[in-house]
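K.L.:
Sequence:
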Amino acid sequence: MSPVNAFANPHLLWTPQELHARLGDENLALIDLRTTAEVMTGIIPGAQHIDIYGVGVTQTTSPIWEEFANLMRSLFAMRGAGSKSTVVLYEENSGNKIGRAFWLLEYLGHTDVHVLDGGLGAWREAGYEVTQSMGKAHGRSFKPNIRHDIFITADELHKRLGDKGVCVLDTRSDEEWSGENTRGGPRGGTIPGAVHLEWLNYLDEKGKFKKAPQLSALFEGVGVLRDKAIVPF
Numbered sequence: 033m034s035p036v037n038a039f040a041n042p043h044l045l046w047t048p049q050e051l052h053a054r055l056g057d058e059n060l061a062l063i064d065l066r067t068t069a070e071v072m073t074g075i076i077p078g079a080q081h082i083d084i085y086g087v088g089v090t091q092t093t094s095p096i097w098e099e100f101a102n103l104m105r106s107l108f109a110m111r112g113a114g115s116k117s118t119v120v121l122y123e124e125n126s127g128n129k130i131g132r133a134f135w136l137l138e139y140l141g142h143t144d145v146h147v148l149d150g151g152l153g154a155w156r157e158a159g160y161e162v163t164q165s166m167g168k169a170h171g172r173s174f175k176p177n178i179r180h181d182i183f184i185t186a187d188e189l190h191k192r193l194g195d196k197g198v199c200v201l202d203t204r205s206d207e208e209w210s211g212e213n214t215r216g217g218p219r220g221g222t223i224p225g226a227v228h229l230e231w232l233n234y235l236d237e238k239g240k241f242k243k244a245p246q247l248s249a250l251f252e253g254v255g256v257l258r259d260k261a262i263v264p265f
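Here this note's numbering is used: the first residue of the sequence shown is 33, the next is one more, and so on.
No wet-lab data here; the hints were simulated from the structure. Hints may contain errors.
Stated by the list, open to error - Below, computed lysine to aspartate or glutamate pairings styled on DMTMM-like, alpha-carbon distance capped at 20 Å: (1) Lys-196 with Glu-212; (2) Lys-238 with Glu-50; (3) Lys-238 with Asp-181; (4) Lys-260 with Glu-188; (5) Lys-175 with Glu-58; (6) Lys-240 with Glu-58; (7) Lys-260 with Asp-202; (8) Lys-240 with Glu-157; (9) Lys-191 with Asp-181; (10) Lys-175 with Glu-50; (11) Lys-116 with Asp-195; (12) Lys-242 with Asp-181; (13) Lys-238 with Glu-208; (14) Lys-168 with Asp-57; (15) Lys-260 with Asp-195; (16) Lys-168 with Asp-83; (17) Lys-240 with Asp-57; (18) Lys-175 with Asp-144; (19) Lys-242 with Asp-202; (20) Lys-260 with Glu-157; (21) Lys-191 with Asp-206; (22) Lys-196 with Glu-138; (23) Lys-196 with Glu-124; (24) Lys-238 with Glu-70; (25) Lys-175 with Glu-138; (26) Lys-196 with Glu-208; (27) Lys-168 with Glu-252; (28) Lys-175 with Asp-259.
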């Protein structure tokens, strides 16, 4: 299987120039996912703030998961990300905060979500301004359309371990993969049968996503193939 030459969704990643051209668009919901301390150093004009790692759950059983998903839906809506909004996410680079927020919005059924490729670093490098002033948020209606097909519980995944049609992808650090770093968990290591490709490998030296052929080769090199169901964690 040869590497793909272009992204399946080329409009998902926005350049700073594309975002700058849309600033002031009433339908745009620009979300800064960094910590409060980072946001205080400057944000893109018009952005609203959600510390995406500032809220979370340690269990995904019912009803805990459903309540958390509804909480996140409400939070995005309060920050101006409605069902019909064009949502653009950013952090310092194209990091793992982006992945969490993007997946949550996809799970909630939002179909118009984008990523500022290279994040705030790329924005600054392009010569665009940042501000210390955050404007008033204008809440919007966000009616969810839950994508149950992209969610799997630990019990469901356990039943499918060994299934040749499933590829479990561990995107954590080498130390977490090996069990050297447990990050406070009761046990170290990884899910049996998982393949490993740390998320930092997806980015170039400037924190932007690598080109499609490079990413395709990386994933195929560890067995993440397009004809499999991929379960990343």
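K.L.:
Run every hint past the structure and note whether it holds.
P.N.:
Here's how the hints hold up against the structure:
| no. | hint | verdict |
| --- | --- | --- |
| 1 | Lys-196 with Glu-212 | 28 Å, violated |
| 2 | Lys-238 with Glu-50 | 18 Å, holds |
| 3 | Lys-238 with Asp-181 | 33 Å, violated |
| 4 | Lys-260 with Glu-188 | 16 Å, holds |
| 5 | Lys-175 with Glu-58 | 19 Å, holds |
| 6 | Lys-240 with Glu-58 | 27 Å, violated |
| 7 | Lys-260 with Asp-202 | 15 Å, holds |
| 8 | Lys-240 with Glu-157 | 12 Å, holds |
| 9 | Lys-191 with Asp-181 | 16 Å, holds |
| 10 | Lys-175 with Glu-50 | 27 Å, violated |
| 11 | Lys-116 with Asp-195 | 38 Å, violated |
| 12 | Lys-242 with Asp-181 | 27 Å, violated |
| 13 | Lys-238 with Glu-208 | 24 Å, violated |
| 14 | Lys-168 with Asp-57 | 15 Å, holds |
| 15 | Lys-260 with Asp-195 | 10 Å, holds |
| 16 | Lys-168 with Asp-83 | 17 Å, holds |
| 17 | Lys-240 with Asp-57 | 25 Å, violated |
| 18 | Lys-175 with Asp-144 | 14 Å, holds |
| 19 | Lys-242 with Asp-202 | 19 Å, holds |
| 20 | Lys-260 with Glu-157 | 38 Å, violated |
| 21 | Lys-191 with Asp-206 | 26 Å, violated |
| 22 | Lys-196 with Glu-138 | 26 Å, violated |
| 23 | Lys-196 with Glu-124 | 37 Å, violated |
| 24 | Lys-238 with Glu-70 | 18 Å, holds |
| 25 | Lys-175 with Glu-138 | 13 Å, holds |
| 26 | Lys-196 with Glu-208 | 25 Å, violated |
| 27 | Lys-168 with Glu-252 | 45 Å, violated |
| 28 | Lys-175 with Asp-259 | 32 Å, violated |
Going through the hint list in order, the structure does not satisfy hints 1, 3, 6, 10, 11, 12, 13, 17, 20, 21, 22, 23, 26, 27, 28.
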